[in-house]
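Put together the whole structure using the sequences plus the hints.
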Amino acid sequence: MGLGSYLLRRLLTFLPSVIGALLITYLIAYVIPTDPVRAWVGEKLMDPSTLDKLKKEYKFDAPWYEQFAFLVEKLLSGTLIDPVRGTPVVQQVAQRFPITVELAIFGMLFTVAIGIPLGIVAAAKKDSVIDFFVRIFALFGSSIPAFVLYYFLILAFYVYVRASLLAGVPFYSLSCAARLDSIRDTVPVLGYVVWAVGQVPIFGAPMCGEFSVVSDTVVRMWLPGLALGLLSGGFIARIVRNSLLDALTSESILFAKARGLTNQRIWRHALKNAFAPIVTILGLDFAGLLTGAIIAETVFNIPGMGLYMYQGITRLNFPIIIAGTFLFSIIYIVMNLIVDLIYALIDPRVRY
Amino acid sequence: MNPVYRFGSWLIDKYAGLREKISPGWLEKNRSKLVETKLSVYVFTASRIGLTGLALVVITLFLAIFGPFIAWEPYDVYPILNKPELAGKLPHPPCFGDCEGLPMFGTDQYGRDVLSLVVRGFRIALVMSIIIVVTSSLIGIVIGLVSGYFGGLVDEILMRFTDMMLAFPGLILAIAFSLTLRLSLRDFLMANPTATSIVASLFALNPKDAPNLANLLSVFLALILVWWPPYARVVRGSVLSVKEQGFIEAAKALGLSTWKILTRHIFPNIMSPLLVMVTFDFATATLSSAALSFLGLGPQPPVPDLGLIISQAGQYFPERSWWIVIEAGTALLLISLGWNLVGDALRDVFDPKTRRSIELKAKIEVRK
Numbered sequence: 003m004g005l006g007s008y009l010l011r012r013l014l015t016f017l018p019s020v021i022g023a024l025l026i027t028y029l030i031a032y033v034i035p036t037d038p039v040r041a042w043v044g045e046k047l048m049d050p051s052t053l054d055k056l057k058k059e060y061k062f063d064a065p066w067y068e069q070f071a072f073l074v075e076k077l078l079s080g081t082l083i084d085p086v087r088g089t090p091v092v093q094q095v096a097q098r099f100p101i102t103v104e105l106a107i108f109g110m111l112f113t114v115a116i117g118i119p120l121g122i123v124a125a126a127k128k129d130s131v132i133d134f135f136v137r138i139f140a141l142f143g144s145s146i147p148a149f150v151l152y153y154f155l156i157l158a159f160y161v162y163v164r165a166s167l168l169a170g171v172p173f174y175s176l177s178c179a180a181r182l183d184s185i186r187d188t189v190p191v192l193g194y195v196v197w198a199v200g201q202v203p204i205f206g207a208p209m210c211g212e213f214s215v216v217s218d219t220v221v222r223m224w225l226p227g228l229a230l231g232l233l234s235g236g237f238i239a240r241i242v243r244n245s246l247l248d249a250l251t252s253e254s255i256l257f258a259k260a261r262g263l264t265n266q267r268i269w270r271h272a273l274k275n276a277f278a279p280i281v282t283i284l285g286l287d288f289a290g291l292l293t294g295a296i297i298a299e300t301v302f303n304i305p306g307m308g309l310y311m312y313q314g315i316t317r318l319n320f321p322i323i324i325a326g327t328f329l330f331s332i333i334y335i336v337m338n339l340i341v342d343l344i345y346a347l348i349d350p351r352v353r354y
Numbered sequence: 011m012n013p014v015y016r017f018g019s020w021l022i023d024k025y026a027g028l029r030e031k032i033s034p035g036w037l038e039k040n041r042s043k044l045v046e047t048k049l050s051v052y053v054f055t056a057s058r059i060g061l062t063g064l065a066l067v068v069i070t071l072f073l074a075i076f077g078p079f080i081a082w083e084p085y086d087v088y089p090i091l092n093k094p095e096l097a098g099k100l101p102h103p104p105c106f107g108d109c110e111g112l113p114m115f116g117t118d119q120y121g122r123d124v125l126s127l128v129v130r131g132f133r134i135a136l137v138m139s140i141i142i143v144v145t146s147s148l149i150g151i152v153i154g155l156v157s158g159y160f161g162g163l164v165d166e167i168l169m170r171f172t173d174m175m176l177a178f179p180g181l182i183l184a185i186a187f188s189l190t191l192r193l194s195l196r197d198f199l200m201a202n203p204t205a206t207s208i209v210a211s212l213f214a215l216n217p218k219d220a221p222n223l224a225n226l227l228s229v230f231l232a233l234i235l236v237w238w239p240p241y242a243r244v245v246r247g248s249v250l251s252v253k254e255q256g257f258i259e260a261a262k263a264l265g266l267s268t269w270k271i272l273t274r275h276i277f278p279n280i281m282s283p284l285l286v287m288v289t290f291d292f293a294t295a296t297l298s299s300a301a302l303s304f305l306g307l308g309p310q311p312p313v314p315d316l317g318l319i320i321s322q323a324g325q326y327f328p329e330r331s332w333w334i335v336i337e338a339g340t341a342l343l344l345i346s347l348g349w350n351l352v353g354d355a356l357r358d359v360f361d362p363k364t365r366r367s368i369e370l371k372a373k374i375e376v377r378k
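Residue numbers (the working numbering), protein chains in the order written: chain U, 3 to 354; chain P, 11 to 378.
None of these hints come from the bench; they were simulated from the model.
There may be inaccurate statements among the hints.
Which chain P residues face chain U? A few, computed with CB under 7 Å, are given here [claimed, not checked]: (1) 91; (2) 179; (3) 180; (4) 190.
Computed, partial: chain U to chain P, Cβ under 7 Å [as the list claims (entries may be wrong)]: (5) 22; (6) 146; (7) 311.
Residues from chain P that keep clear of chain U, each with C-beta distances beyond 10 Å, as calculated [stated by the list, open to error]: (8) 24; (9) 41; (10) 61; (11) 80; (12) 90; (13) 93; (14) 100; (15) 103; (16) 104; (17) 207; (18) 218.
Heads up, the beta-carbon is just placed ideally off N, CA and C, and yes, glycines get one too.
What follows is the structure in structure tokens.
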């Protein structure tokens with residue numbers, strides 16, 4: 003099967019998958035045997051007429067499928083209002099998702115920076131002390147409770163070495179935001195891309211020359227990023243090591259050796275072959291980070307998507323649940339697609 | 011030869027002797043299988059990682075079984091209520107020497123001995139992880155076997171459903187499930203004193219505390235519900251490759267029932283990757299249920315749940331609670347590290363590449 007029909011198939015299953023995910027989460031929230039409207043308003047401020055009004059507005063008097071259709075339709079038109087804060091959920095997600103993207107980027111940077119070099123060294127010096135160390139490091143990374151590691155990193159780098167900030171998230175000025183908006187409205191397609199990338203403060207700020215935002219973001223985000231990197235870096239290193247060793251013992255490499263290629267060229271071939279599985283794991287890891295690292299966000303006090311979704315679910319905030327699920331399922335599907343495409347780029351043997 | 015291997019081999023011999031007694035001729039029929047098992051045990055015990063892991067697992071299992079009886083303090087009595095002089099001093103750090111009757115390893119904000127709480131905590135952590143993983147792997151195995159063996163429409167439906175479950179962040183789905191189940195579980199436990207006392211003795215908690223038991227059970231069921239899809243995928247994949255092989259054809263030609271083919275011929279051949287996965291998952295499940303408790307979804311005080319203890323201590327971190335985080339955190343680390351080490355060594359045992367070299371060395375010793 004060619005790439006074209008593969009993409010077509012992916013596009014055809016895209017919408018059903020998103021709707022399926024929305025329906026499942028909606029139904030889970032729907033069957034919770036409490037009154038959501040009471041959970042929104044709080045027990046103290048209960049005024050019967052307000053309750054009735056809210057119930058009518060969010061279609062709690064209609065059958066579930068009507069309410070579901072109402073929520074999805076409102077979400078897609080961007081007019082779904084969060085009943086607790088009173089602002090559109092699309093706007094809230096637009097504020098929080100860029101922060102999650104920043105955290106995910108920092109986490110990914112540290113994961114790659116720790117995992118790939120360690121993995122390559124471990125493969126090159128198989129069964130050595132370094133190899134053993136990488137193994138132990140990976141085991142500790144997957145054994146330590148995340149929150150305990152976070153607490154002690156905060157203790158080390160925030161309390162003792164004052165090298166990090168834990169409050170607030172740096173954002174560029176309003177005039178910068180207005181400038182990005184005007185780019186979107188004037189330049190046809192490219193402007194939209196620039197605007198979308200610019201929504202993430204660390205990318206948007208340098209576009210307006212506000213470089214202090216960048217350094218502030220680095221000071222704020224490097225510690226959570228390091229924490230995420232320490233947790234999964236060892237695991238990635240093990241995967242890099244194992245797939246490199248597989249590649250180095252494969253027949254194509256044996257043939258390359260027989261042809262008398264230099265060591266350097268042999269390694270280049272092996273690395274190229276080994277990277278397909280690594281890209282998959284990294285891609286899924288990144289998708290996982292984009293859907294919010296709830297524990298990291300809680301401990302490091304980062305107002306990202308994970309915490310948002312957590313609050314939404316515990317307060318039975320249907321608009322938030324629907325909006326978050328919508329975003330998450332799209333991220334997951336798109337990330338899988340990107341991983342598949344990168345696969346094809348790296349490894350020409352892959353056919354769809 | 012190392013004593014752990016000798017013990018393992020002795021156990022295998024005893025088991026073989028027992029089977030031989032029940033059905034004579036068993037030993038002769040299964041001789042090669044026994045040697046193979048002994049080889050696996052040898053390869054496992056030859057690795058330092060495996061032995062360390064085994065030691066940790068044995069210690070944590072011991073504490074999980076006997077911890078609640080060893081613990082020297084009741085968990086649901088707050089000393090601060092009986093001793094007004096403690097006010098303002100809590101949580102009290104570890105002290106060596108002049109402790110004024112306070113515990114050596116520090117107290118929590120209610121004046122309870124942290125070490126005693128942690129010793130109790132092993133029970134909840136272990137029971138949670140083991141039952142979650144065993145139950146969900148059984149669900150996954152059944153779905154994977156059915157889906158892989160029968161194929162067609164059944165496969166399509168089951169796998170699309172599995173994919174949908176996989177497409178969503180597990181922790182968030184588990185939170186939603188746990189909230190859904192919570193209230194109905196509470197009502198159920200209130201109405202059924204027998205069920206309550208069984209659950210309470212399983213977790214070594216006070217049976218009067220039904221709301222907390224319901225919370226624990228809800229986290230537990232929620233994690234089972236999100237845990238099975240990877241198993242279904244892995245089992246289905248292995249079944250697809252095994253079912254095309256000659257011996258399955260032969261079994262079909264001999265007229266064996268589908269049930270027998272699935273349980274006797276397919277399942278044993280897909281077991282080793284599953285065993286590794288289950289061992290690793292004991293660690294992951296321990297950490298995940300601790301994470302849910304940490305977020306406040308699990309039991310509430312006074313339950314000695316390790317995740318809960320850490321999240322409570324987090325409010326005073328670091329000056330007034332570092333010892334609590336260290337003690338409870340170390341307990342969690344030891345549990346999951348033990349399983350992870352065992353899993354890592356098991357993977358080597360079942361991996362033909364790493365195994366071959368050790369096997370050659372082992373063969374002579376094992377045959378003796």
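Verification of the hints:
1. 91: Violated, about 28 Å.
2. 179: Holds - the Cβ of residue 179 of chain P comes within 7 Å of chain U, reaching about 4 Å at its closest.
3. 180: 9 Å, violated
4. 190: The hint holds - residue 190 of chain P has a Cβ within 7 Å of chain U, the shortest such distance being about 5 Å.
5. 22: With a minimum Cβ separation of about 5 Å from chain P (threshold 7 Å), the hint on residue 22 of chain U holds.
6. 146: 5 Å, holds
7. 311: Hint holds; residue 311 of chain U Cβ to chain P Cβ min 6 Å, cut 7 Å.
8. 24: 32 Å, holds
9. 41: 33 Å, holds
10. 61: 14 Å, holds
11. 80: 23 Å, holds
12. 90: With a cut-off of 10 Å, residue 90 of chain P remains clear of chain U, as the shortest Cβ separation is near 24 Å.
13. 93: 29 Å, holds
14. 100: 20 Å, holds
15. 103: 15 Å, holds
16. 104: 16 Å, holds
17. 207: 25 Å, holds
18. 218: 23 Å, holds
Consistency note: the structure conflicts with the earlier hints numbered 1 and 3.
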